[in-house]
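Colleague: Residue numbers (the numbering used here), protein chains in the order written: chain A, 1 to 402; chain B, 1 to 482; chain C, 1 to 137.
Source of the hints: derived by calculation from the structure; they are not laboratory data.
A hint or two may mislead.
Below, in silico cross-link-like pairs of lysine to aspartate or glutamate (DMTMM-like), each with a Cα-Cα straight-line distance of 20 Å or less [what the hints assert, rightly or not]:
(1) B:K88 x A:E218
(2) B:K335 x B:E358
(3) A:K86 x C:D26
(4) B:K189 x A:D356
(5) B:K59 x A:E218
(6) B:K88 x C:D74
(7) A:K86 x B:D191
(8) A:K86 x C:D74
These numbers come from a predicted model, not from an experiment.
Chain residues, written in single-letter form:
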Amino acid sequence: MWRRYGDVAFAAVFAIAISLEAIPLCYLTWTLAARLFGNAGGARLGSVLLGAVGSAAAALILVTTYVLSYQHVSAQHERVRVEQRKAWVTRWLSVLEGSQPEPTGTLEPEGVQALLALRETLRGSESSRIAEILERHGAVRQLERSAGHGRLGGRLDAIVALSNARIPSALPTLVNGVYDSNQLICVASARGAARTLARVEDLFDRDRGAAALARAMEAQELPYGIIEEVVVLAEDAATSLIAVLLLHDRPRAPTVRAAIDGVGRLKLLIFAEEVVPFLSHPDDEVRAAALRAVSRLGFLPESSHGVVIAALTDEVDFIRIHAAAAARLLPRPHALSLLSDRLGDRSWWVRRAAADALVSLGPAGLAQLGRVVHEHPDRFARDIAEQALRDQMPNLVRAVVG
Amino acid sequence: MSVLESLLTAFEVFAIVYFAVLSLLYSGFAFIGLRAVILESRQTSDTELRDLLERDVFKPVSVIVPAFNEEGSIVAAVQSFITLHYPKFEVIVVSDGSTDGTMDRLIEAFALVEEPRVWARTLPTQPVTRVMRSLREPGLVVAEKTNGGKADAVNAGINLARYPLIAPVDSDCLLDAQAILRATRNFVKDDTVIAVGGTVRPLNGATILDGRPAELRMPRRWVERLQIVEYARAFFLGRAGWSRMGALLIISGAFGIFRRDAVLRVGGLWTKTLGEDMELVMRLHKEFARARLPHRIVFSPDPICWTEVPSDLPSLLRQRSRWHRGLWTNLWRHKDMLLNPRFGRLGMFAVPYFWLFEGLGPIIEVLGFVSLLVSAALGVLDLNVFWLFLTLAVLHGMVLSQVAAGVEAMLLQRYASTSDRLILFAASLVEFLGFHQLVALERFFATFQSGRRRRQWGAMPRTGIPPASVPSPSHVGHRIGR
Amino acid sequence: MRKGATKGVAIRAWKGDMAAILAIEDDWTVRTVLEHTLSSAGHDVDVARGVSDGRRSLADGHYDMVLLDLNLPDGNGLDLLRDIRRDHGADLPVLVLSGMRQEEAVVRGLELGADDYVTKPFSPPELLARVRRCLGR
Chain A
1 MWRRYGDVAF AAVFAIAISL EAIPLCYLTW TLAARLFGNA GGARLGSVLL GAVGSAAAAL
61 ILVTTYVLSY QHVSAQHERV RVEQRKAWVT RWLSVLEGSQ PEPTGTLEPE GVQALLALRE
121 TLRGSESSRI AEILERHGAV RQLERSAGHG RLGGRLDAIV ALSNARIPSA LPTLVNGVYD
181 SNQLICVASA RGAARTLARV EDLFDRDRGA AALARAMEAQ ELPYGIIEEV VVLAEDAATS
241 LIAVLLLHDR PRAPTVRAAI DGVGRLKLLI FAEEVVPFLS HPDDEVRAAA LRAVSRLGFL
301 PESSHGVVIA ALTDEVDFIR IHAAAAARLL PRPHALSLLS DRLGDRSWWV RRAAADALVS
361 LGPAGLAQLG RVVHEHPDRF ARDIAEQALR DQMPNLVRAV VG
Chain B
1 MSVLESLLTA FEVFAIVYFA VLSLLYSGFA FIGLRAVILE SRQTSDTELR DLLERDVFKP
61 VSVIVPAFNE EGSIVAAVQS FITLHYPKFE VIVVSDGSTD GTMDRLIEAF ALVEEPRVWA
121 RTLPTQPVTR VMRSLREPGL VVAEKTNGGK ADAVNAGINL ARYPLIAPVD SDCLLDAQAI
181 LRATRNFVKD DTVIAVGGTV RPLNGATILD GRPAELRMPR RWVERLQIVE YARAFFLGRA
241 GWSRMGALLI ISGAFGIFRR DAVLRVGGLW TKTLGEDMEL VMRLHKEFAR ARLPHRIVFS
301 PDPICWTEVP SDLPSLLRQR SRWHRGLWTN LWRHKDMLLN PRFGRLGMFA VPYFWLFEGL
361 GPIIEVLGFV SLLVSAALGV LDLNVFWLFL TLAVLHGMVL SQVAAGVEAM LLQRYASTSD
421 RLILFAASLV EFLGFHQLVA LERFFATFQS GRRRRQWGAM PRTGIPPASV PSPSHVGHRI
481 GR
Chain C
1 MRKGATKGVA IRAWKGDMAA ILAIEDDWTV RTVLEHTLSS AGHDVDVARG VSDGRRSLAD
61 GHYDMVLLDL NLPDGNGLDL LRDIRRDHGA DLPVLVLSGM RQEEAVVRGL ELGADDYVTK
121 PFSPPELLAR VRRCLGR
C-alpha cells in the first residue's frame, strides 16, 4: 500500500520546515508579550512578522520542492525497478534450469529480492538451490546483520526478507529478534521465525528451534493473536511448537489458548488427550478454547463428559456457546436432550449454537428440532428451532436439485 | 488609546497568540502523525496478508450499511461491499424507513426473500419491520425499519450482527479491497484494541473500474479539490498524530471497525447527536477508563475508504454545519472529561484542544475578522501587520497541506500526474483564501444552533456510483458468509 | 495472441507442442515464472492480472489452455471458471493454481470442471508436465 523509501528524508524535511516556522512563531509570541508589558515596538512587530513570513515561505518552498521531486523520482525509480526485477527473475530461472551460469560475487539488492520472491514461489529442488545460492553469496548474512541494527524501517525490511527466505540457518537471528524491546521488531521476528521453522527438516533441530521460539514468546508475553498466527505459520513444525507451549511449566493463559486453538485448527489429534485437562482450567478463555478444540477434533473421552455437561450451564455466555458445540460429542440421547434445553437459554447466541449443533447431528438432530418446534414450552426455543430448520433449506434444495 | 482601541489591540494580540499556539501544536502532532504513518506503513507487509488469507487466520466482520433513500446508488454500493477481499464477513444493510425505491432495487438485484428471523434485541431501536435474506448471496442481510436516524439504523444492524467485529460504513463509500483485512490486523496484534479508524479519501474525480477506483485524477471543481487537500491533512497528520498519542477522539462514521462487545457494553450509538461516530468513541473511552480496563482506540492509515464528497458549496456548508453542531453536542455531553486527569491524555489534552481550537476556533476567527473591520473603521488598523499576519497564516496552512500531500505521494495509489500535483498545491493556496473563512463562518453560526434538532441524514445531491461501471450481480466476485 | 475468434468457440488450433496459453495470475513473480517456464517450452503465453483482465483477454483472443489462479484480488477465480465452462464448454483445458491449505477451493474447482490443479509453491517441471498432459487430452 505504501512506498517504503524516502520516509527518513521526508521526516527530516518536515522537521526543518517545522523549525523554520516554530522559531519565528515563538519569537513573535515573545515580542507580543513584551509589547503587552510596556515595551513599545510597532515597527519591531512588523519586522518580526516579516521574518516569520519569509521563514514560512522558505519552509513551504522546501516541502513543495521535496514532494514534487519525490513524485518524479519515485515514478522513474519504480519503472526501472520493475524491469530490473523481471530481468533478474528470468535470469535466475535460467540459472536454475542450467541454461545460464550463476553470477559471481556479491549480488545486487534487486537480485536478492528476486531470489527471495522465487523462494516463495517455487518448491522442491529449485527452492533448495535458491537457499544455497542465497547462503553462498552471503545474502543471508547480510540480511541478518541488517535485521540486528540500524533504523527501524531497514530492520523490518530485513526481517521480512528473512521471513520470506526461510533459511534455517537464520533461525537464531530471528528468535533473537523476538526479544527486542520494540514491539514491531518482536512481532515481525516471531512470524519470521515461525515461517523459517516450517522449513527446518531435521527433527532435533526443529524441536530445539521450537523450544527457543516458545521461550522467547513467553518472555515477551506476546498477545494471543500473534501466538496463534505463529503456530499456524509454523506449518509442519506446529506440532513441535504446540508441544512446548502446552507442556510449559506454568504457561500463561493466552499462550495456552493459542496452543489449544492451534490444535483444533490444525486438527492435531496427537494432542487430543493433552487438551482434555484444560476443560477444567480456571481461565474462562482457556476453557472455551479447550471446548472448541475438542469439538473440532471430535474427541471427548467419557471421563470428560461431566465437565462438558457442567459447562453447558456455566455462567459465562461464550463458555456455554462452545460447550453447545462440544455437546454433540456426548452420547446421542444426552446430546439431543441437553441441546434442546439450551435452545431455551437466555442468550440468543447460545441458542443459535445449540441449534447449529443439533443440525450437525444429522437426521436425529433435525428430528429433534422438529419436535422442539411443536413441543418446547419456551417461545424463543421454538422460534430458533424453526429458523435453524429454515436455514437448512438451501442445502436441502442444493442436495436435491444439484 | 480609548477603551475600545485597547480592547481591540488586546483581542488582536490574543488572536495572534492563539494562532501561534494552534500552529505550533498542530505542527507538533502532525510530525508525530507523520512518524506514525511511516512506521505503520511497514507493519503489514503483503506477505503477511497473503499468509493470513491462505491459512484462514482472520477475524470475521459484520459490515453494517445504514441507508436512507439511496435508490440511485444502493445496488452498486452493496455490490462493492459483497465483493470485498475478505474471507469471512456478512453485509447487513439497514434501510431506515426509506420512502423511495431503495428496498425495491435491492430486492430485485439480490433476490431478497423475507424471513421471520430471530435476532438478539440487545440495543433499543425503532421497530424493524422486516428482515430479508438474499438467495444469491448467503451473507447478505437486508433489514427495513421505521425511520429513526442513522445511529438508530446502525444500532439495529448491530443487533442483527453475528460476528465479533462490526464495521459501520456509509453506503456511499467504496472500500478498498484489502481495507478490512488490514484494519482487523490491529485487533489481532493487540488484545486491548477496541476500535480502529481508517483513512477516508475523496472519490471525486477518480475513474471507477469494476466498482473500484482505478485511476486518481483531480476533479474539476475547486470545491472538490479543496476537500482532497483537507482530508489528507485531517487524516494523515491530524488523526495519525492523535492516535499515536493515545488520544484519538474520532473515528470517521464513514469507516470504522469496533469490537461488538465493547459497543454493546456502552449501549450502542447515541441517536440524539449529529456526530454519532465521535460520540461513540468518547463514550468508549469514558466507560473503559471508568472500569479501569486497558483499552486502545487506534487510527490506521492503511485502510482506505473512498467517499463522494460534496461537489457544490451549499451542500458542503450544510455538511460542515452539521459536523460542527455534532461536535458541540458531543463536547457538551462529555464536558466532564474536560481537564479531567482520570481520562489521561484524552481529558488533559485532546478534549481541551477540541474545545479551544475546534469548537471555539470559528468564533475566534469570526471575531477576529469583526475586530479587523472595526479597527479599519476606527482607522487604527495597522495594514502592514494585517497583511503580514494573513500571509503568515496562509503560508502555515499551506505547509501542512503540502506535507499531507507528501504523505499521500507515498501511497501506491496516488495522484500521479504532475499537473494534478500542481493543482493540489494551488488548492492548498485557495483553501485559505476564502474557502476556509466561509466554512468558519458557517461553523460560527452552527455553534449557536447546536440545540436545534435536525435530520441526521444530510441531503446531499449525489451523483452516485455509476452503475454501468459495476458488473451485474451474476458476474460478481467473492462468495461471502461461507 | 491470435485475435479474431468469436466468443464461445474454442478451436483447437495448435499443432504439436506449441499452444496459446492464457495465465490469469496477480502475483508478478508467479506470472514471470509461468511466462518463462511456458515460453521456454515453446508455448505462446499471455498474462492477465485479475478476473476482469482475464475476461477481456478471453473475449478478445482464443487460447488452447487457461491457467487460473483461484486467489485473485478483484474477484473469485471459481466464478470465472464457471463462466469459462459455460462459454467454452469442456474443450478448453483449465488448470487451477491455489495456495496451500485451500483444499476446499481446489475440490470446488475440480467439481466445476477444472482439468487439473497445482498448489503454490510449485515446481516448474511438474507444472509443465501437467500442462502437457492437459493439452494432450
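Colleague: Now tell me, hint by hint, if it's right for this structure.
Modeller: Comparing the hints with the structure gives:
no.	hint	result
1	B:K88 x A:E218	30 Å, violated
2	B:K335 x B:E358	15 Å, holds
3	A:K86 x C:D26	14 Å, holds
4	B:K189 x A:D356	30 Å, violated
5	B:K59 x A:E218	24 Å, violated
6	B:K88 x C:D74	16 Å, holds
7	A:K86 x B:D191	41 Å, violated
8	A:K86 x C:D74	23 Å, violated
Consistency with the previously given hints fails for numbers 1, 4, 5, 7, 8, ordered from lowest to highest.
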